[in-house]
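Student: Let's have the full structure, built from the sequences with the hints guiding it.
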Amino acid sequence: MIMKKLVFASLMLASVNGFAQGTMKDIMKRIQVGVTAGGNYSDFMNADFDTEGLPGFHAGLILGFKINDKLSIQEEFLFSQQGAKLKGDFLEKQDLKLYYMSIPILLKYRTKSGVYFEAGPQASFKVKEDVVGITGEDFAEKLDFGVAGGLGFQSKSGFGIGARYVYGFSPVGAFKTSAVKKDFTNTVAQVSIFYIF
Numbered sequence: 000m001i002m003k004k005l006v007f008a009s010l011m012l013a014s015v016n017g018f019a020q021g022t023m024k025d026i027m028k029r030i031q032v033g034v035t036a037g038g039n040y041s042d043f044m045n046a047d048f049d050t051e052g053l054p055g056f057h058a059g060l061i062l063g064f065k066i067n068d069k070l071s072i073q074e075e076f077l078f079s080q081q082g083a084k085l086k087g088d089f090l091e092k093q094d095l096k097l098y099y100m101s102i103p104i105l106l107k108y109r110t111k112s113g114v115y116f117e118a119g120p121q122a123s124f125k126v127k128e129d130v131v132g133i134t135g136e137d138f139a140e141k142l143d144f145g146v147a148g149g150l151g152f153q154s155k156s157g158f159g160i161g162a163r164y165v166y167g168f169s170p171v172g173a174f175k176t177s178a179v180k181k182d183f184t185n186t187v188a189q190v191s192i193f194y195i196f
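According to numbering that gives the first Met the number 0, the sequence shown is numbered sequentially starting from 0.
Mixed in with the good hints there might be a few duds.
[Claimed, not checked] Straight-line C-alpha distance at most 30 Å; calculated DSSO-like pairs for lysine-lysine:
hint	residue 1	residue 2
1	K28	K84
2	K180	K84
3	K155	K111
[To be verified] Ranges of calculated distance between the beta carbons of each label pair, as one might list FRET restraints:
hint	residue 1	residue 2	range
4	Y108	V190	17 to 23 Å
5	T22	K127	19 to 25 Å
6	I26	V190	29 to 35 Å
7	L142	A118	28 to 34 Å
8	F78	F196	18 to 24 Å
9	D68	G119	17 to 23 Å
10	K69	V131	47 to 53 Å
11	I102	A188	15 to 21 Å
12	K180	I160	15 to 21 Å
13	Q93	F196	36 to 42 Å
14	D94	M27	40 to 46 Å
Just so you know, these hints were derived from the structure itself, not from any lab. For glycine and all other residues, C-beta sits at the position ideal for the given N, C-alpha and C.
Tutor: Okay, structure coming up:
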């Protein structure tokens, strides 16, 4: 009787161990890691001062998890330079540059041909700002939230190209003057190249 219990316990432990190893291997196969870089074209929306689009850049890491052959969840950690060109009616004429660590979390649908569509929320944390004419206070808030949507192509080898639009919905302005409204938002169009290992 004791021998039967020992054999049964050994078999149970072996099967649990095998299942755990199989599950871990399956999970590891589904994890995707990559790098991405590209250009930004950003501006402020609903600002009551004159702006123009500002060219910038972004670069960072990709971490994804494949749900199945078509669906995946992709998180990115991007250093992104954005902002707007000010025409000089609020502050002096300048390129107002805001530097963010942006973290989009996207649901990605990829077709058999490699074309994909993506959408999801994005949180951005301001790292630095380059603004002339404001001293002793910030121009922009430290946090920015928005939604992102895009499309692109990813080859079977892992190389890809994508285009994305990020629409901010949190007010950008952190300055104390009441001469202008602070509730303008960030908008960014991005084009990227990437490689998934």
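Student: Of the hints given before, which are not true for this structure?
Tutor: 1, 5, 7 and 12
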